[in-house]
Amino acid sequence: MKLSGYQLFWMTSISSMIMFSYIPITLAVNEAHQDAWISILLGGGLMMGVTWMALRVCMQNRDKTLVRMTKDLLGTMLGKIVVAAYFAHWFLQMSMTVKDMANFQNLVMLHNTPMPAVLLCMLFLVFYAVYKGGITAVSRCAEVIGPIFILILYVQLFLNPQEMDLKRILPVYADSGWLQIVMGAFSAFNYMLDPTIILMLFFFAENKRTASRGILWGTAVSAGWGLLATFAMLAVTGPDMAAKMVVPVYSLTKMVSILNFIQNIDVFYIPLWLLGAFIKLAICLFILSYGLSEWSGYRNWRRIAGLLTVVWLGYVLYSAQIVQFSYMFRNIWLTGVFYPALYIAIPLLLWIVGSIRKRQQAAN
Amino acid sequence: MRFLLLLPCCLLASIALSACTDFVEPNQLAFVMGTAVDRAEGGLIEVSDQIVIPSQLSGPPNRGGGSSGDAGSSIVMSATGRDVFEASEKIQRKMSRRLMTSHRIMLAVSEAFFNENDAGKLFDKLGRDPANNMRDMTIVVRGGSAKEILMLRHPLERLTSIAAGKELQINGLTKFSSRQLILEHYTDGLRPLLPVLQIEKVRTSSKESTPFAALSGFAVLNKQLRIKGVLDENESAAAVWMSGKGAYQGLTIPWKNGKGLLSFRLVHLKRTIRTRSCGDSKCAELEVKAQAYLVENTTSLDMSQIRNMTDTERYMNAEIQRDFQRTMNKIQQWGPDIFGIGEHLHRHYPYWWKSRQHDWDERFKTLDVTVKADISLISIGSSGGQMK
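Which chain is which? The protein sequence lines are X and E, in order.
For what it's worth, my numbering labels the leading residue of the first sequence as 1, then goes sequentially.
For what it's worth, my numbering labels the leading residue of the second sequence as 1, then goes sequentially.
Everything labelled a hint here was simulated from the structure, so no lab data went into it.
Nothing here was measured: the structure is a model prediction, and the numbers come from that model.
Each statement offered as a hint is correct.
Computed list of lysine-lysine pairs in DSS-like fashion (alpha-carbon distance at most 27 Å, straight line): (1) E:K175 <-> X:K167; (2) E:K223 <-> X:K244; (3) E:K121 <-> X:K244; (4) X:K167 <-> E:K372; (5) E:K125 <-> X:K244; (6) E:K365 <-> X:K167; (7) E:K289 <-> E:K372; (8) E:K125 <-> E:K166; (9) X:K167 <-> E:K270; (10) E:K125 <-> X:K99; (11) X:K167 <-> E:K289; (12) E:K223 <-> E:K330; (13) E:K289 <-> E:K330; (14) E:K270 <-> E:K330; (15) X:K132 <-> X:K99; (16) X:K167 <-> E:K223; (17) E:K354 <-> X:K167.
Extracted from the complex, chain E is given alone in its bound form (with noise of 0.2 Å):
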């Protein structure tokens, strides 16, 4: 009698908590590996998932003479909808597998898409839908759409995501997640930064020149995510250490005279805010920190000797200063706050700040900012004089 009763109950549970109605078997799931958003006619929006194809990665990449790296590892699926998540219901319906997005690595948002939408859209998917990690990494794409990105191969990774996802953590540049743009778009003194992707065409080998997408430059965005300019690659190489988002690592600067030049290797770039009062408004200094070994030098300057040491060291602060204030001013002309002086501000003149956050990217215009460089030149590497 007991065990008649127990069966039941026991056969219920065991298809409850096998979790039989939700079966789902990996050779079931389609994972996307990045995502790109686009702009569509009559304003809605495209989206367009990379999706790996499972059979095509077991084994080294090109078997065969590169039959299967012909095959492309991975497939670009696109559909456009009122939001984001009607479109991905709309690719969803076209595929045999469940689309899984926990794992992407990319999110690629075309420039067009950004100054013709509110961008601001997207993170409502983002953030209420739990299948979102907020780990991918956002990138804006410029000159072509953001799908053309997907489609790319890439020479060296299987998938271009993976790609420029691996390019931004190589180079340093560790904080462009989805995560920290939502952030970013909350606060009010500070505006996002976002690294810019950019069709190069590379050639690669003798035959051919493939096309391939790579980091060119990054994107300073407003408050209401509209992109206000475009950094060039040595404005962004300051752009970004200023802004406390990670560096690159290689410097090089013309010595005085203009004849040879000097290459260094940096290591522990740090950046500080200071704030303080002058007059009614505020005065912010922005200090840039690193050690820097020196690996490369065509000048005529013996390094051995303790007096160029020092020189170099003086001299290569005041270029970076230069070299960095006009960066500052150029955004400073752009409006946006890309480096959280206002969230400095906000932090250590709280009340100042309260009448202030309403306009803070005209504010921030006039705002006297100085940047200044601390480098310190600890190693000139294995060679005194010049290796002739």
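For reference, chain X alone in the conformation it holds in the complex (with noise of 0.2 Å):
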């Protein structure tokens, strides 16, 4: 299983803006108002240099995966736990992304189905493109997949020109202030960008560099694309109706009216929303599985993405039922000390580590 720097770039990219179009604008808005762009900002920015930061790793071990790389540099048994965290980032990632994908569809054109039969057409689909064809399969989807769906994203905001007014962003800061900015780029940077996948990913690249120039450039990729529909959203609904929205990017395009003629595009944009989910479902279930093979040593992660797809959807409908589930998204303890520790502070540990490593063995 290879994966060239190509693929990778449309993997990442498709993730991130998948992540990106979901919570982080409204958590943003909520906090800092008009000046939620410049929070966008701060966070994009942050988590670029995340993703740099994941890349200088990865090239550090560039022959392990994120488990035998924190198995070698910190030592089997923290190793192990730590790696049982990302495991636990990523299902909760994935419990999220296909539960809010299904509700999403009840809400706005499904009413009446029933929401474990949304369910299961994703889940299988993604289980099926795993099984069949690993990693190579799903990057091959990403590459028909990504071209479409990065443009009619980009293209999405530039549709409503007659309703923007960007003087909407003014005044900029003296609403808010300082802290509430940090405190918006804060709350909503662990949602923007997916750079914890490419631990896993770049053990599977072919060429190392343009690797990591693909993964650089799909993160900028969708970051910018962030940014702009953070402005596009200000713009045409003001910072007080944008704060009130839970599916900001839909509602966008729910507001598009082409000459008083081309209206209601959404019906476009879901299955376009749907394909993303998929790329991004499938890398996050081809990661665990694979990774979940390597950390408990049973060979055949084929079977463990089957039995993981069982839980998966056991954990879904489950959690379904509750409602608190929904919202643990604003939870501190997550957005507080679980994110940032998985983003910046283990990264940034095993860059240390790592680099330590190497001047010893230099100087031996």
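Take the two lone chains, each set in its own frame, and fit them into one complex as the hints suggest.
Have a look at this one:
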């Protein structure tokens, strides 16, 4: 299973954009109002930095996945615990994405279809792709879906010119102040991009140089999209209305009216988002099952993927019953401790340990 | 064996993928083109939906000597409820088709509803339910219920809601969508200005005069969405232009000596707000800009004379300035800042604004606002002197 830099570009950009289009904009607008774009800029910059750091770590350990990497650098016990935290993160992310996807479809289109039916279709597709082709199949799909997905999502931001008033982002800074802007960035950055998946995916890259270039570009493309989407959101609806939106990017498509004739184009966007979500979920399922097989020593990761899908389905069905789970993304322990640790602290630790090791080896 | 395993999967998928569980054919849908909101007894809301009858829509509108036109191409269903959704559900129960509001053009709310209810209640339904597109025009119905407006027939269009939408559009008034209204409601330094429809009797033929709904002015609303006043036709033209929401494109002024009139067609209408500090408070200057074409001249002026042209231009500007200032003063007395001067101050003097945003309606009354006009006469039409 080998990935080219080009494929990695599409995979990171799709899965980052899926993350971006859902929660962070609303979170940032809630805190920083019309200065949300500064929050997004700060958060996006931070996450670009995190991606760069993760890439440094990967380059130091270019022939290892995250599981072996942590084991070598931090020792067996600690390494296993650290990786387990990443597994939990991916699993939560997967569950959240797929549950919101199903809920969204029920809300917008399929009012009567039972939620498990929507869920089953998606899970089956994701499992099938991962089981049959592993990451190769997923990356091929990403290559096909990516160009359409990214182009159309970018185009969407410019379909509302007559409704836009860029002055709505004024006054800059005065209304919110640094504290709120930083708070906005702080609560939103966790959900902006997707830098942890590369810790697993980089191992599969064929040419490490082009791969890291592809990943950085992919992240930058989706960060740029997120920033533009925030601008578009603020310009079309103003901060007060944007703060109340649950699915801002969807609401943006609802407002498109080209020459009073082309309207209700959300119908075209929903399938695209589903395709994007498919890529995101398939990547997560693959790295999770591959990682678990390395972690546990059980060689057949395909079987693990099957088992995992069942657990995943069970968890989503169970958590759908409990409303509190839907608002977990605002949990202070998650946003304040768990995510920063996974995104910043652990990669930093790995980088430092890796650098020290290297220097020692050179000295010997 | 493998085939047997795959078969149920495919069958299951085919049911779910074709969305059979949510199967609604177009002939099971009722398209709502307009919705009216009225006040009902006991604090209830009366919602009326104007629904097109598809079978009446095919073919020319007045086929067979107007028989199908008389039958009407729409029906109005109404019901009362404690909120919008409850009332809509009651309508739904009486219908053979599923109501579909995604294509609504007009949301008519009666004046009484605005004055006696918290109209902010409507927004929640508009924003929360994805079945609303928020592109529909919001209008105020004066003198009578909003429901009546929907029931009227329009001599030109099939439905009154289409007529109202087109009437606004053709006159260049585009920024009155419900999204715009919600936005204005949330913005601290801007108040809503809504078009007002009124039922007028018009003699459409020698035999009869039919009532139909026509734009009669604009309503000025305050922060709590109460109507503070309704502008008449002349003031409306000024107010709409000054609030930057599009404008009527004609203008007629009497000449200095009172003999004769000058009429202009205006293009490229713009307005700009400037603010500056003067003393403790702020002063605002609102400038309207346009290019004018002379289209009718019943004065004795010979427009091929350059002196007359510059004279006319100067006089026209002075006239507009005086006229618009009067409208401005009137609205200032009412209080609501429909021009967004507060928002302009907010953007330019954010710290000054912070302490004053809460009682802006009161402060706007005493704000010093000057109206300037900068209209250039760019053409005198195709004849120089007056045609006699």
